[in-house]
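Peer 1: Sequence:
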Amino acid sequence: MAVSLATWHEIDIVSPADTTKYLGYKVGTGELTNKNWAQRIRKIQRRLLTAIKVATSVKNRVLILNSIVLPSLLFTAIAFDLPRWAEVELSNLYKQFLWAHATSNERCRHKVNPGILVTPKKAGGVGLVPITVAIKTQRLKHAVVWLTQ
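To convert, note that position 14 of the sequence shown is 20 in my numbering; the numbers rise steadily by one, no gaps.
Please keep in mind that the hints were generated in silico from the structure rather than gathered at the bench. Quick caveat, the model's predicted, so the values are computed rather than measured. You may find that some hints are simply not true.
Claimed, not checked - 27 Å max Cα-Cα, derived DSSO-like pairs, lysine-lysine:
1) K101 / K142
2) K142 / K127
3) K41 / K27
4) K117 / K59
Could you put together the complete structure from these sequences and hints?
Peer 2: Structure representation (structure tokens):
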């Protein structure tokens, strides 16, 4: 935990080498993107451990990924860019959860075309929202709102 020099509106002001937690994330100086994404992935794995018990079909698992996991990823992506290693781990985690009913982020392959997963339900797909597309869409939405207000 960081040593607080002072506070401003109940927010810690820390020295340049320290960090503090704010809204669940480590903030301060230095490279904190990797630490915060690693923390987010661990929290998602813990949530999915509970979800495995109730997700009995691929349809249910896709619903869990779209409604529980994706919003937490988007919350993290507001403040921190998604590094390539985290994108790979999340992709592996999604595959393991969908097909192996597991929460590991080990590399895996499946015979189902990944394009079918992200194809909308109305077009005959599963309807899984791609992580990178969701993050880019969110950033574009924030930029448009910022520019138009």
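Peer 1: Take the hints in turn and mark each one as holding or not.
Peer 2: Verification of the supplied hints:
Of the supplied pair hints, the one linking K101 and K142 holds, its CA atoms being roughly 21 Å apart against a limit of 27 Å. Proximity of K142 to K127 is assessed by CA-CA distance (about 21 Å); at most 27 Å being required, the pair is judged to hold. With a C-alpha separation of about 12 Å, the suggested pair K41 and K27 falls inside the 27 Å cut-off, and the hint holds. About 24 Å separates the Cα atoms of K117 and K59, which keeps this hinted pair within 27 Å; it holds.
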